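Peer 1: Sequence:
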Amino acid sequence: MLWWVDGRRRITSPELVPAMRSYFGNVTTYVVEEAAVEEIQRKPLAEVAAMVREAITSIDYDEHIQELVDRVEEHKKQKIVEKAAVGLGSPTVNQTVFASFPLDMDFGFGQATLAMPVWHHGRLASGNLAVGTWPGGDGSWIVNAYVWPRLAAALESDGQCIFKPVTAEYLQFEATIFTIQHTIN
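For the sequence shown, the positions run 513 to 697 when our numbering is used.
There is no bait here: all hints are sound.
Derived lysine to aspartate or glutamate pairs resembling EDC-like cross-links, with alpha carbons at most 20 Å apart:
no., residue 1, residue 2
1, Lys-555, Glu-545
2, Lys-591, Glu-579
3, Lys-555, Glu-566
4, Lys-595, Glu-546
5, Lys-595, Glu-579
6, Lys-555, Asp-670
To be clear, the hints were calculated from the coordinates, so they are not data collected in a lab. Bear in mind that the values here come from a model prediction, so they are computed numbers and not experimental data.
All chains should be built: construct the whole structure from the sequences, respecting the hints.
Peer 2: Below, the structure written as structure tokens:
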């Protein structure tokens, strides 16, 4: 299992906290925890949540973020991706939550119907889930998923139908047809 973590909120060092105030950009890292599918399925949801919480809170983020910065500085010109992020080793589903990121916006033509982060990186990892809040503030969440075909089939065959495909009807899009006249002289 892999979770993206907001490193900025987890830094506690008195030397680093002031630096974060003047830093613009993401300070994200991720936590990887190996677990057998059978183990996760056998446990009650509260125990699985406790596993996740333990994995995320067991890290010294001050030290971890500093190590990441040092590594990036040392290898600036190299492209480095960890095995878990590219789906090598155990199948990994990356998951990040944008629930605290304000996605209710108006680009000048009305309230957004849907605003989600998008990854365009091909087949990295077994799957990538982005959880966000539904625009409009009713508390609903929407999950944007890029997953391998076998994982998609497993999710779609779930008897509880937790995941539903997002369609134009579901988003309540209205079809508008524009006619363009072109005259050739």
